[in-house]
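Put chain A on the given structure of chain C with help from the hints.
2 protein chains.
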Amino acid sequence: MQFVLAEALPVLERTPRVLGELLAGLPEPWIRATEGEATWSPFDVVGHLIHGERTDWIPRAEIILSEGEARPFTPFDRFAQFEASRGKTLAELLDTFARLRAENLARLRGFRLTAADLERRGRHPELGPVTLEQHLATWVVHDLSHLGQIARVMGKAYADAVGPWKAYLPMLGVREGPTA
Amino acid sequence: MQFVLAEALPVLERTPRVLGELLAGLPEPWIRATEGEATWSPFDVVGHLIHGERTDWIPRAEIILSEGEARPFTPFDRFAQFEASRGKTLAELLDTFARLRAENLARLRGFRLTAADLERRGRHPELGPVTLEQHLATWVVHDLSHLGQIARVMGKAYADAVGPWKAYLPMLGVREGPTA
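Heads up: the sequence lines are chains C and A, in that order.
In terms of my numbering, the numbers along the first sequence are unbroken and rise by one, the last being 180.
In terms of my numbering, the numbers along the second sequence are unbroken and rise by one, the last being 180.
So that you can see chain C by itself, here it is in the shape it has in the complex:
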């Protein structure tokens, strides 16, 4: 599928509502479930998404638009949420994520990106040259990847409870996608 900004935006807009419907008010064991040591719970994932809103998606888009490849992106801290989420409730995190996402999509729309803008390049500290279009497509896939992760972490919490059905539920046996 080709990247089309007008098709990507509806996915990005939906993520806070999807996570809200999935997680808000759920019994605590679901929220805190992990896949084992050094893996993330749904609570941790929401914190990670917040950190992306603050430091990754729009800030890097702005670097691409203002400085191009001249300035490499600041490396992303994949563990920042452990400190930032401390003492907060899931409801607070979901609200924060929804607010930041709405603000960031307003900023993205404000760029009034042209097809030529989407071809502009930045420099990833490890991956090298990347286009704005690739960056925005990654934003979408990153959302979906972490939604899939939350579904998987929750599902695996019942890996024993399903008994013999485990054989029919491949999700229970693997660790695809982000774990931590």
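Keep in mind the hints are simulated off the structure, nothing from the lab.
Quick caveat, the model's predicted, so the values are computed rather than measured.
Check each hint, because a few of them may be wrong.
[To be verified] Listed next, the stretches of chain C that the computed footprint assigns to chain A, with coverage defined by at least 3 CB atoms under 8 Å from CB atoms of chain A:
#1 12 to 19
#2 25 to 34
#3 116 to 128
#4 136 to 146
#5 151 to 157
#6 163 to 173
Positions of the beta carbon are idealized from the N, C-alpha and C atoms, including for glycine.
Okay, now just chain A, sitting in the frame of chain C:
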């Protein structure tokens, strides 16, 4: 995590709303995306979930409660949705799924299941003896597994669009969980 009916119900209740927020009104390419031949689109998955509401989860629970292991479950048709969904819109399927799920959870609550009921057994045509608790846990994991599948199918639609970021997005490289 132990199966607790009062914790399982909120997950089952949320699935229609989660899928509604994720899929309703999305541009058609997302709805029809697949992972290749003989794999399912988000549209197909919703049809599959509807078929489960009609023929699997509550009907099998009723067999367990009324006939125990004496009568094996009717095998589940994993392809019924292709005929049943033909000519329908996604909005219609989402509405149907939400209505059937609400009815089925009302029936489940109506059973007023005890701890002893959860240990009652039925007979799966391939897996052999299974408990009602295992059956209900599987209902939850089945929902989550297909939510993860939809997220993965959508994410993989941008597998090329993300360019070099593909290396950081394990979901794009694998087929975990149900494909068809």
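Here is what the structure says about each hint:
With 3 residues having a Cβ less than 8 Å from any Cβ of chain A, the segment 12 to 19 of chain C passes the three-residue criterion, so the hint holds. For the segment 25 to 34 of chain C, the stated coverage by chain A holds: 6 residues have a C-beta nearer than 8 Å to a C-beta of that chain, and at least 3 were required. Three residues within the 8 Å Cβ limit are the bar, and the segment 116 to 128 of chain C against chain A gives 3, so the coverage statement holds. Coverage of the segment 136 to 146 of chain C by chain A holds in this model, with 7 residues showing a Cβ closer than 8 Å to a Cβ of that chain against a need of three.
Under the rule that three or more residues need a Cβ within less than 8 Å of chain A, the assignment of the segment 151 to 157 of chain C holds, with 5 such residues. Under the rule that three or more residues need a Cβ within less than 8 Å of chain A, the assignment of the segment 163 to 173 of chain C holds, with 9 such residues.
Checked against the numbered hints given earlier, this structure breaks none of them.
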